[in-house]
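*Asks:* For this one, chain A is given, so just place chain B on it according to the hints.
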Amino acid sequence: MENFEPVLVAFVCNWCTYTAADLAGTSRLSYPKNVRLIRVMCTGMVDPQYVIKALLEGADGVLVSGCHPGDCHYINGNYKARRRIKLLKEILPQFGFEPERLRLTWIGASDGIEFAEIMQELVKELKALGPSQAKMKMVV
Amino acid sequence: MAITATIEVNQQDLLTSLKAFCTKLLEQDAISAILVPQRLPMKSMVMPTLVTEADHLDGVDPLSPAFPMNGAKVLAKLTRRPSGGKIAAIMRPCEIRAFIELVKLKQARTEDVVLIGMDCLGAYGNTDYFRFAGEDAEAATRRFYESVLAGKGAALDGVDLTTACQACEAPFPTSADIAIGLHGVDTGRHLLVLGQTPAGDDLLQQMGLPSSEVPTERQAIMDQLRTSREKYRDDMFAATAAATDNIDKLNTYLANCVNCYNCRVACPVCYCKECVFVTDVFNHDPSQYLRWAKRKGAVKMPTDTVFYHLTRLTHMSTACVGCGQCSNACPNDIPVMELFRMVAHNTQRAFAYEAGNSVDEKPPLSEFKEDEFQEVVGL
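Here the protein sequences line up with chains A and B, keeping their order. In terms of our numbering, the first sequence opens at residue -1 and continues consecutively. In terms of our numbering, the second sequence opens at residue 181 and continues consecutively.
Next comes chain A alone, as it looks inside the complex (with noise of 0.2 Å):
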């Protein structure tokens, strides 16, 4: 357990999460190794099996970021993302998966600090909830 290191997929859209991993990297700030990012053009295009397939084989938590309220840079992408982790933490904690491993937030492009911050915080909190129960069963 204690050289456990969990896995984290984050699906990040192109035009303010990615772009903020990017500032993170260009700045030379350090963030755990365990966040797998996924670019995708808008979290309004994250369909739930995403989420719920790599819940299923491997990842212990997903991350979907994209731009905050009124900043989509297709005007409302992340409003349709927003509802449908909220169906998705609505269904998925019924068969015991645990609501920290899925997360949404709102990253601008310019927030590379806050980005490096924000993958620190889930690492740890991924690291103290210990691994999925869900990713190491023979049935997926």
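Read the hints as simulated data drawn from the structure, not as lab findings. Warning: the hint list may mix true and false statements.
[As the list claims (entries may be wrong)] Covered, in the sense of this in silico footprint (three residues per stretch, anywhere, with C-beta under 8 Å from a C-beta of chain B), are these stretches of chain A:
#	region
1	36 to 50
2	80 to 89
3	95 to 107
In this text, a Cβ means the ideal position worked out from N, Cα and C, and glycines have one as well.
*Replies:* Okay, now just chain B, sitting in the frame of chain A:
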């Protein structure tokens, strides 16, 4: 002004009266066809039929405990584009709710249809129905409704209503254009007919049925039925939650699943022409399966069973109307209706939405607001 009328009944022969009502519907200039469940002439089975001539109404049987499919899909097929005529559709309340969901999902249209719903007496599962009906479906229907309407219950010959029906707190056609009422009505002498929308009133006006009043005790009887159904439903939810509240239990619950996807095929609101689970998206490279097996030691084949069910729940739980056709279709008797309805109930509550209630309420995932659900954002 809502129209309240009656259909005459002789000696509790409801089927003949309903046939007469259908005949009268077909006589109306505004109606070109009716969609009504009928006993098939060749077999002891009840199916939706599309009828244009009154001499093909001999098997009219909307009271049968047979419920082979949710008719909303059939009606969507008939209404998705203008057909050049208007159809009067006689359906169960859960079929009407599913139809309304399909309208909102742009799979059907209300323009060319008059929805006629009946107080629903419930249904048996497919195999139970065959056993109950034997060779004489008409006698079976009569025995069924006589027992239920006399307050003697629906459990006959060792078969009972499906759990979906026993847990149905909404067996009343509240979202239909015209409702045919049985509860609180002296069904030995007449049936109650209620216009519930302007379209329903228009049609009733033309039909000129004898006018009447809603019996005073009707509401109380409906409330009582709703309360007892809610009790059954909530007990069912509690038992299902206890049986699935962690991933191991969920795996146990779904252990008999062979990924046949019958539950999806039977589901009236699962409308995608090509479900992602039958595409090549999850038809992985053979080496992928070996990698999974290697990582875990063993994987159950076919894979993506829990994944399929959880994904389908995110796709349809806001629209689930509780008809129970999923359980009816399951070849391995997994109580999927119990699971899907429980999740759907919680999902719909989370979005303050009631599936099938009204065409004017937008489905939860088709609208959004700038300032909402702040609780799911942030750490």
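*Asks:* Confirm or reject each hint.
*Replies:* How the hints compare with the structure:
With 3 residues having a Cβ less than 8 Å from any Cβ of chain B, the region 36 to 50 of chain A passes the three-residue criterion, so the hint holds. Residues of the region 80 to 89 of chain A lying with their CB closer than 8 Å to a CB of chain B number 10, which satisfies the three-residue condition for coverage. Restraint check on the region 95 to 107 of chain A versus chain B: 5 residues with Cβ-Cβ distances below 8 Å, three needed, restraint holds.
The structure meets every hint from the earlier list without exception.
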